[in-house]
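K.L.:
Chains as they are written, first to last, in our numbering: chain P, 43 to 443; chain V, 43 to 443.
Honestly, the hints are just simulated from the structure, not real lab data. Honestly, I wouldn't trust all of these hints.
Pairs count within a copy or across copies, as identical chains cannot be separated in the list.
Okay, derived cross-link-like pairs now, BS3-like style, lysine-lysine, Cα gap no bigger than 25 angstroms in a straight line [stated by the list, open to error]:
#1 K209 to K231
#2 K54 to K209
#3 K96 to K405
#4 K46 to K239
#5 K83 to K96
#6 K389 to K96
#7 K100 to K335
#8 K209 to K46
#9 K334 to K100
#10 K231 to K83
#11 K239 to K96
#12 K203 to K46
#13 K428 to K345
#14 K209 to K232
#15 K357 to K83
#16 K357 to K428
#17 K100 to K345
#18 K197 to K405
There are 2 protein chains.
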Amino acid sequence: MNIKSKFSDKVKDMEGSAIRATFKLLANPDIISFAGGAPAKELFPKAELAEIAKDVLKENGEVALQYGITEGYEPLRKWVTDRISKTGNVTDNDNVIIVSGGQQGIDLAAKSLLNPGDGVVCEEPSFIGGLNCFRSYNAEIYGVEVENDGINMDKLEQLLKEHSNIKVLYTIATFQNPSGITMSLEKRKKLLEIADKYDIIIFEDNPYGELRFAGEDIPTIKSLDTEGRVAYFGSFSKILSPGLRLGFVSADADLIERMVICKQVQDVHTNVLSQMIAYEFVTRYDIDAHIKKLCESYGKRAKLMMDCMDKYFPKCVTHTNPEGGLFLFCTMPEQYDTREIMDMAVKKNIAFVPGATTMVDDKKKCSTFRMNYSASNEEQIERGIKILGELLCEITGDTPR
Amino acid sequence: MNIKSKFSDKVKDMEGSAIRATFKLLANPDIISFAGGAPAKELFPKAELAEIAKDVLKENGEVALQYGITEGYEPLRKWVTDRISKTGNVTDNDNVIIVSGGQQGIDLAAKSLLNPGDGVVCEEPSFIGGLNCFRSYNAEIYGVEVENDGINMDKLEQLLKEHSNIKVLYTIATFQNPSGITMSLEKRKKLLEIADKYDIIIFEDNPYGELRFAGEDIPTIKSLDTEGRVAYFGSFSKILSPGLRLGFVSADADLIERMVICKQVQDVHTNVLSQMIAYEFVTRYDIDAHIKKLCESYGKRAKLMMDCMDKYFPKCVTHTNPEGGLFLFCTMPEQYDTREIMDMAVKKNIAFVPGATTMVDDKKKCSTFRMNYSASNEEQIERGIKILGELLCEITGDTPR
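All chains, please: the whole structure from these sequences, using the hints.
P.N.:
Here you go:
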């Protein structure tokens, strides 16, 4: 049969994540990939987790291996609620659900809220997993430019004036993916004002917020919200392990209730063993000390990558200067298409994410690219940036400063 | 803000799974629940899995804890493909994806294929997780009666003649949930003929197929399909552990490709640690011997439950006679509504699933109920069926035979 003729309108034209596609490159051991968004694998507390997993299964295997509650393993859910309460990320009207990674939180919230044709404003550039999720519900996506201190608020308000179908704004306000940019406190407050005025919901995706290695913490948008219009997405992927697929959402209890119903039909509940392992880890060990270790390492790698870029990249290629998170974002002169440059880089065994994939219109030529520094060691960063810098000099005919 | 006014049409009227709701009853240690669909927790190979988890994390933690491939952990995917190939459940045009439990397979296939208003034929009664999943995509659901040897084929053909919007038929052909009924070989062949004639896709959900404790195996519909119109859903939940959230789908490669894209935005990939644990279990141990042990236990429990029903239930309440799986299905005289009877039973600390929740129109009065025998031990089965039998005698004024 011709099964293609049966595909739903939602998915028939969707393309897979270009970032996921780069995973295949990693099969080649010679490649230095700055394309992923993975945490440093050598910093996983694997010996500790091995002991914990054994203990959990031996002593509590009948719980870990059995069906669980859709809302999440209660001790972990309580721990998450307590932790995010301290920073104002839960209000009295809120509830918390444990999800199979932060991505699932976005998906469940999108499914609960979006009809085909509903509008979602996304930062430009934005996270491809967010963009593709909204696309998969046939939402209309509007891009709004990210400046050095976050979204351009005038342009956002203009969009909201022009398009009454907009229901949701999606932001990674802290150490944004892909730009590494953090939205200022002033803009966070302004964003809430605008959201109130136009009655839209804010999705605040914050998987990187705890990974600050420079500067001062800024309150989350969620903690400033008095109207209950922020759905807050957190994750264990960057502070413990992505392979365990654990995230959480804090939002208005009525929205969480819809998300629970959607999760029942999507994967019933989050992996119980993973939830118990994570809970046991945060109980036996000091998670903040572990996060501090990650921040120190990522701070060093980010600095090294920027130093190497300043040394080897041509002057005409600029980069952002993140204070945390996993990414920095480079901009070439407008005439270049970084998809073409990616093909040339891969021939030299270097990979990155071309900026086009982070844009609402991902077919358009784009001269930016995303670089990840968390998943490569110092030797790889030095060697990789040197090779890439030489290639970029050759292409642009420019020299380092 | 009034967030309820923002809910999507897909989910605003959805109700949570009544079966999941009964989980809350289990918090009461005095209750005997025949309501769930859980495997016997005392048969989980927890000591073996504890050793395996420790070894996997210690020796291969950098893989187990890191991001993985959306299609699945390759050694497990290959193992699944080999295993289901032997029974004809993979064809040359097919591909296999590992999913976060069988339910996710159904969800991803539904999302890939269903536009709002597309028709899905479901068995009546059927699995609430399937029904709710199709509802969540605003599909139009048509019920077709299940007879003692499976779907009534005349009524199915009638439905297909009358409704040109039907795209998918969803069946649990073997040890059906909730009825325990198995579709005959003759009807499986007839179903494929009808599907060819009306060009529909068959979802064959087979989580219980390996749990046969009586009678002879019948080929899956998938193994009889020469047109590539069967998507086949399998699961580790009933043969190893539901808490690990592992299932798989074998279907036309083009459909699997769409499902991979949907999975990328839904949960990125299936829990890597779980996949590695499962793979290591099937490599180190004899999974068929383990399944045999489960079958022996479930066969005993099913027989005991039926014997007790025959002894304590009033003559006017009949039950199916399953050859495998986890459920048997009871029918009371038409005038009773088993939702009301469930409320009375819960007061006596007994729970089951009222039949209404397994029907397309779940608001209608329904005189059937589903009983699970895998999750209760022999003492609980004897005691619970006696209490329930006495209640049913009291309600109906009838006596046991």
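K.L.:
Hints first: check each against the structure and report whether it holds.
P.N.:
Here's how the hints hold up against the structure:
1. In this assembly of identical chains, K209 and K231 lie within 25 angstroms of each other by CA distance solely inside one copy; the values are 19 angstroms within and 48 angstroms between copies.
2. With identical chains, the CA atoms of K54 and K209 are at most 25 angstroms apart both within one copy (24 angstroms) and between copies (15 angstroms).
3. Proximity of K96 to K405 under the C-alpha cut-off of 25 angstroms is found in neither arrangement, the shortest distances being 48 angstroms within a copy and 46 angstroms between copies.
4. Taking the shortest Cα distances, K46 and K239 sit within 25 angstroms of each other only across copies (18 angstroms), while inside one copy they are farther apart (43 angstroms).
5. Taking the shortest alpha-carbon separations for K83 and K96, both the intra-copy value of 21 angstroms and the inter-copy value of 17 angstroms come in at or below 25 angstroms.
6. In this assembly of identical chains, K389 and K96 lie within 25 angstroms of each other by CA distance neither inside one copy nor across copies; the values are 44 angstroms within and 39 angstroms between.
7. In the homo-oligomer, the alpha carbons of K100 and K335 lie at most 25 angstroms apart only across protomers (20 angstroms), although the nearest pairing inside one protomer, at 30 angstroms, exceeds that limit.
8. Within a single copy, K209 and K46 get their C-alpha atoms only as close as 31 angstroms, which misses the 25 angstroms cut-off; across copies the closest is 13 angstroms, which meets it.
9. In the homo-oligomer, the alpha carbons of K334 and K100 lie at most 25 angstroms apart only across protomers (23 angstroms), although the nearest pairing inside one protomer, at 31 angstroms, exceeds that limit.
10. For a Cα distance limit of 25 angstroms, the shortest separation of K231 from K83 qualifies neither inside one copy, at 37 angstroms, nor across copies, at 51 angstroms.
11. Within a single copy, K239 and K96 get their C-alpha atoms no closer than 53 angstroms, and across copies no closer than 53 angstroms, so neither meets the 25 angstroms cut-off.
12. With identical chains, the CA atoms of K203 and K46 are at most 25 angstroms apart between copies only, with a shortest distance of 23 angstroms across copies and 39 angstroms within one.
13. Proximity of K428 and K345 under a CA criterion of 25 angstroms is satisfied intra-copy only: 15 angstroms inside one chain copy versus 72 angstroms between copies.
14. With identical chains, the CA atoms of K209 and K232 are at most 25 angstroms apart within one copy only, with a shortest distance of 17 angstroms there and 48 angstroms across copies.
15. In this homomeric assembly, K357 and K83 never come within 25 angstroms of each other (Cα to Cα): the closest approach is 33 angstroms inside a single copy and 63 angstroms across copies.
16. For a Cα distance limit of 25 angstroms, the shortest separation of K357 from K428 inside one copy, 14 angstroms, qualifies, whereas the shortest one across copies, 83 angstroms, does not.
17. For a Cα distance limit of 25 angstroms, the shortest separation of K100 from K345 qualifies neither inside one copy, at 44 angstroms, nor across copies, at 31 angstroms.
18. Within a single copy, K197 and K405 get their C-alpha atoms as close as 22 angstroms, which meets the 25 angstroms cut-off; across copies the closest is 48 angstroms, which misses it.
Hint violations for this structure: numbers 3, 6, 10, 11, 15 and 17, all remaining hints satisfied.
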